[in-house]
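Using the sequences and the hints given, assemble the complete structure.
Taking my numbering, the leading residue of the sequence shown gets 11, the next gets one more, and so forth.
The set of hints was computed from the structure by calculation and includes no laboratory data.
Since we're looking at a predicted model, the values are computed, not measured.
Ideal Cβ placement from N, Cα and C applies to all residues, glycine included.
Quick list of simulated restraints, FRET-style, between CB atoms:
hint: 1; residue 1: PRO342; residue 2: GLU119; range: 17 to 23 Å
hint: 2; residue 1: GLU102; residue 2: PRO261; range: 39 to 45 Å
hint: 3; residue 1: ARG87; residue 2: ASP49; range: 32 to 38 Å
hint: 4; residue 1: ASP51; residue 2: TRP318; range: 34 to 40 Å
hint: 5; residue 1: LEU311; residue 2: ALA289; range: 28 to 34 Å
hint: 6; residue 1: ALA289; residue 2: ASP262; range: 43 to 49 Å
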Amino acid sequence: MTTRQTTRTPQQTARQTTRQQRIGSGFHARSTADDVLADIDLTGTTALVTGGSSGLGLEATRALARAGARVVVPARRPAEAREALRGIAAAEVHPLDLADLESVRVFAERFLETGRPLRILINGAGVMACPETRVGPGWEAHFAINHLGHFALVQHLRPAFAPGARVVSVASSGHFLSDIRWHDLHFRTGYDRWLAYAQSKTANALFALRLDTLGGERGPRAFAVHPGSILTPLQRHVPREQWAALGWVTPDGQPAEGFKTPRQGAATAVWAATSPLLAGHGGAYCQDCDIAEPATTDDMLVGGVKPWAVDPAAAARLWEISSELTGLDAFPGPGEGAGQRSRPRGFNGVAGSSGARSGAPA
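Structure (structure tokens):
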């Protein structure tokens, strides 16, 4: 990855802990993914975008490809993904189901076999407000897919990360609604679809924080991003008649004030993945193409980041739990050895409980 102006590259700057404080990127809430890439040349760069054939992910794929990157798009439904990406010659599709750890392993092994260094990973796939769904040994679907699937993917892909690589997790201001439910991660005492989604978004932010800490001198830098409020296929599990009551649309069905277009919504993830201004930074939660400030209100449209989503102790605790659940930890802490603690079980092997459906949501 190079820029069309003289800048420092990420690997030339010493690692440091990044404060939640704006750095003045020159971009804003209405900037698009193409805007943030205008002075960046990604020729020769390999990027991987989960969810890269729909919504924000599709716009990120388009923008990265236009900037010269080769974009790998894992997809649960490869034929549909290829159709969505028709006309983007620099995009390639491979099968991956984040609700199945074996599928994650197979995808990662096939990518590693290509020998391509990975410079950009955007973890954008996920589910939102889906009906109660259990995958694997009764795991709640939001936590399993949005968090654990990406956790496992990053563990398997560690050998592929190039020096200066960046991992971007697409979180959300939805994290305002819930810290990690340490007492009941999988909602066995009662299900709430919005809290389940919110917990997974907090997990995305904490994962980025801990990954950046454990990356070591040459490991990837990691960021979490709030893309903004955007109407995309992510809302497919929310009946349209509820959208007005939720404040998503006006009475005549138009996006509510403050909502972004998909091209604008993809901008922050692409900015975090490529901006030379972030050289030497990592572990931060970003929004509107800048590092986010601590939240001063409970208004999710105002944004910012809640303290529980950037708590290093919580991030370390979640990492340990995630490692135990998946059997994977390729980023050991000081004094530990890298390795896979046990061969992980695929998510899809055990039926759900409490009458919930088993298997990943559509």
